[in-house]
Amino acid sequence: MQDFVQHLINGVSLGSIYALIALGYTMVYGILKMINFAHSDVYMVGAFAAYYFARWLGIENNPGFSTLLTLIVITMICCSLLGLVIERLAYRPLRNSPKLNVLITAIGVSLFLQYSGQVVFGADPKVFPEVMKDFVIFSIGVVEIRSFDVTVLGVGIVAMLGLQFLLFKTKIGRAMRAVSANPMVASLMGVNPDRIIAFTFIVGSSLAGVGSVLVGMKYPKIDPLMGMMIGMKAFVAAVLGGIGNVGGAVLGAMIMGLSEEMVVAYLSSTYRDALAFGILIVILIFKPAGLLGKYSVEKV
Amino acid sequence: MKALKNPALALICLAILGFGLDFGVNAYIKLILLFATVNCLLSMSLNLVNGYTGQFSLGHAGFMAIGAYFSAYASTKWGFLPESMQLVQSFIFVIGAGLAAAVAGFLVGLPSLRLKGDYLAIVTLGFGEIIRVALLNMDFVGGPRGLSGIPSFGTFPFAFMFASVWLVICFFTIWRVMHSSHGRGFLSVREDEIAAEAMGINTTRMKVKAFVLSSFFAGVAGALFAHFTNFINPSSFTFLQSVNAVIMVVLGGMGSMTGSIVAAVIITVLPEALRPLQELTGVDLRMVIYSLALILMMILRPKGLFGDLEISDVWRKYVRRSA
Numbered sequence: 001m002q003d004f005v006q007h008l009i010n011g012v013s014l015g016s017i018y019a020l021i022a023l024g025y026t027m028v029y030g031i032l033k034m035i036n037f038a039h040s041d042v043y044m045v046g047a048f049a050a051y052y053f054a055r056w057l058g059i060e061n062n063p064g065f066s067t068l069l070t071l072i073v074i075t076m077i078c079c080s081l082l083g084l085v086i087e088r089l090a091y092r093p094l095r096n097s098p099k100l101n102v103l104i105t106a107i108g109v110s111l112f113l114q115y116s117g118q119v120v121f122g123a124d125p126k127v128f129p130e131v132m133k134d135f136v137i138f139s140i141g142v143v144e145i146r147s148f149d150v151t152v153l154g155v156g157i158v159a160m161l162g163l164q165f166l167l168f169k170t171k172i173g174r175a176m177r178a179v180s181a182n183p184m185v186a187s188l189m190g191v192n193p194d195r196i197i198a199f200t201f202i203v204g205s206s207l208a209g210v211g212s213v214l215v216g217m218k219y220p221k222i223d224p225l226m227g228m229m230i231g232m233k234a235f236v237a238a239v240l241g242g243i244g245n246v247g248g249a250v251l252g253a254m255i256m257g258l259s260e261e262m263v264v265a266y267l268s269s270t271y272r273d274a275l276a277f278g279i280l281i282v283i284l285i286f287k288p289a290g291l292l293g294k295y296s297v298e299k300v
Numbered sequence: 001m002k003a004l005k006n007p008a009l010a011l012i013c014l015a016i017l018g019f020g021l022d023f024g025v026n027a028y029i030k031l032i033l034l035f036a037t038v039n040c041l042l043s044m045s046l047n048l049v050n051g052y053t054g055q056f057s058l059g060h061a062g063f064m065a066i067g068a069y070f071s072a073y074a075s076t077k078w079g080f081l082p083e084s085m086q087l088v089q090s091f092i093f094v095i096g097a098g099l100a101a102a103v104a105g106f107l108v109g110l111p112s113l114r115l116k117g118d119y120l121a122i123v124t125l126g127f128g129e130i131i132r133v134a135l136l137n138m139d140f141v142g143g144p145r146g147l148s149g150i151p152s153f154g155t156f157p158f159a160f161m162f163a164s165v166w167l168v169i170c171f172f173t174i175w176r177v178m179h180s181s182h183g184r185g186f187l188s189v190r191e192d193e194i195a196a197e198a199m200g201i202n203t204t205r206m207k208v209k210a211f212v213l214s215s216f217f218a219g220v221a222g223a224l225f226a227h228f229t230n231f232i233n234p235s236s237f238t239f240l241q242s243v244n245a246v247i248m249v250v251l252g253g254m255g256s257m258t259g260s261i262v263a264a265v266i267i268t269v270l271p272e273a274l275r276p277l278q279e280l281t282g283v284d285l286r287m288v289i290y291s292l293a294l295i296l297m298m299i300l301r302p303k304g305l306f307g308d309l310e311i312s313d314v315w316r317k318y319v320r321r322s323a
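Which chain is which? The protein sequence lines are F and P, in order. As numbered in full-length UniProt numbering, residues 1 to 300 make up the first sequence, in order. As numbered in full-length UniProt numbering, residues 1 to 323 make up the second sequence, in order.
One or more hints might be untrue.
In silico DSSO-like links for lysine-lysine, alpha-carbon gap of 27 Å or less [as the list claims (entries may be wrong)]:
| no. | chain 1 | residue 1 | chain 2 | residue 2 |
| --- | --- | --- | --- | --- |
| 1 | F | Lys99 | P | Lys303 |
| 2 | F | Lys99 | P | Lys116 |
| 3 | P | Lys303 | F | Lys33 |
| 4 | P | Lys209 | P | Lys116 |
| 5 | F | Lys99 | P | Lys209 |
| 6 | F | Lys287 | P | Lys209 |
It should be emphasised that the hints constitute simulated quantities derived from the structure, not laboratory data. Since we're looking at a predicted model, the values are computed, not measured.
This is chain F alone, in the form it adopts within the complex (with noise of 0.2 Å):
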């Protein structure tokens, strides 16, 4: 039972790095209906610039909270500078051509940015710069409340609120739902869809980057291939909750890093891969917009 419990907090924290970065995807396909494969290597080169930056900065030997929040911030602009210019070399370009292509260009952006990430960086793994301890908080029993499980669902927790906040409450937010709504109907209300969108950009990729100064905290090993699998399960998660919703997003990410914790913990970890697609797969054939997405009939 405490055994359980402890794989419960450790899936929660897993979960809420997944919902960092299944908000970008989801947000991104809201409003452009398209699979942003670029946006897991966005992830890595936001783990890459902030450990580049944390050794420039001298605060790699410096844990602490004003280290993390340092890291986060210049992670957040980097991340969103390159989000900036994908949307507009890779994607603008394309805004109207068949949504196939578009999606090939997201994959050739995720190829150009993990090869050039292994020219640039080097394909061999570097350590992490430690901007926060690990210790027990409190525990219970066996159970124990680390810091890092506290920090990321903290920081995750946050992000999350502040996109809620930023969608619904404010005027950018209200266009980013129009766009997603109607491009056309929302250009015609004064709306420049362009810059909605390269908003939109921002916004997702400065998530991923906040998701991987998170990850690199925990797992403390990076290399330029490190956004392919767990992109493809943020992904994954994004599309279970229902895609294009936040909410759904945070859900999804949540089912599926507990239910990973689990699998890892109970069964084999070598099935912990296959399990994201397993359950992706059987919500699909049964619900095909996702646990909380609209199905839409098409009509005629």
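Take the given structure of chain F and dock chain P to it, following the hints.
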């Protein structure tokens, strides 16, 4: 261009090419040529689903893996013909590999082809990964260690001939299917699913048919791949392999058989052709250039090299007219 209409002629052309290439090129180029045939099979078969039927599948590597493992396992464990009949036996096992992949394609396609667009892409991707992870966990096929000691088809000309036979079978099967009522059905599903349904076409059935046929040839491609490399393990069949297949189809032009072949050859040769550059600069820029070329291609020539035309149409349209 006549070889595109006549299977026997096509086979003879390929045979001459194979025996001719046996002299004059080294083992490295020969292996690349063999991989090119595998990639041709992959892209032609995927073209049936992605190009002609308009369904986006990202799980082709999974079916390839099933074919590869079936044929590899069978030829190391179930050999029933004497040594001299090796090629016949291999042919039978390759058919078996195709059938195994086709069954898998049916089982995967039946539930997932009810989904559309990106969802279908992601579900097929999921199935591809599940097949890979399942193979990783099966001990009797070696798990992560993979299978080794897979017999090859003899020397290069024979291996190339063997692959050519399958290329010709694949090309003309798909070609004839596309010119039959089934093919019209596939095309109608791509063009407008609702209209097709209104015309009395069972769209799900059409999609599953295309998917099964495509999986069959993906399995064959996998089997050939296994025999060419003599060694397979699950990491030969990752998501990237599926992406590669899609890239070949899109580069060649969706719905162009000859386009897929040309693109498959380009995609196989390009990373190898860029190798001197690597020696020159000291860093591996090949894949960077490759991915950059992909992005530029999508932006500058979104319909692929041939669009939905065949090489013979392009010939007629541009070369003949100017002559």
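Tested hints:
1. F:Lys99 <-> P:Lys303: 12 Å, holds
2. F:Lys99 <-> P:Lys116: 12 Å, holds
3. P:Lys303 <-> F:Lys33: 20 Å, holds
4. P:Lys209 <-> P:Lys116: Satisfied, since the Cα-Cα distance of roughly 16 Å is no more than 27 Å.
5. F:Lys99 <-> P:Lys209: 24 Å, holds
6. F:Lys287 <-> P:Lys209: Measuring from Cα to Cα gives roughly 24 Å; hence the hint holds.
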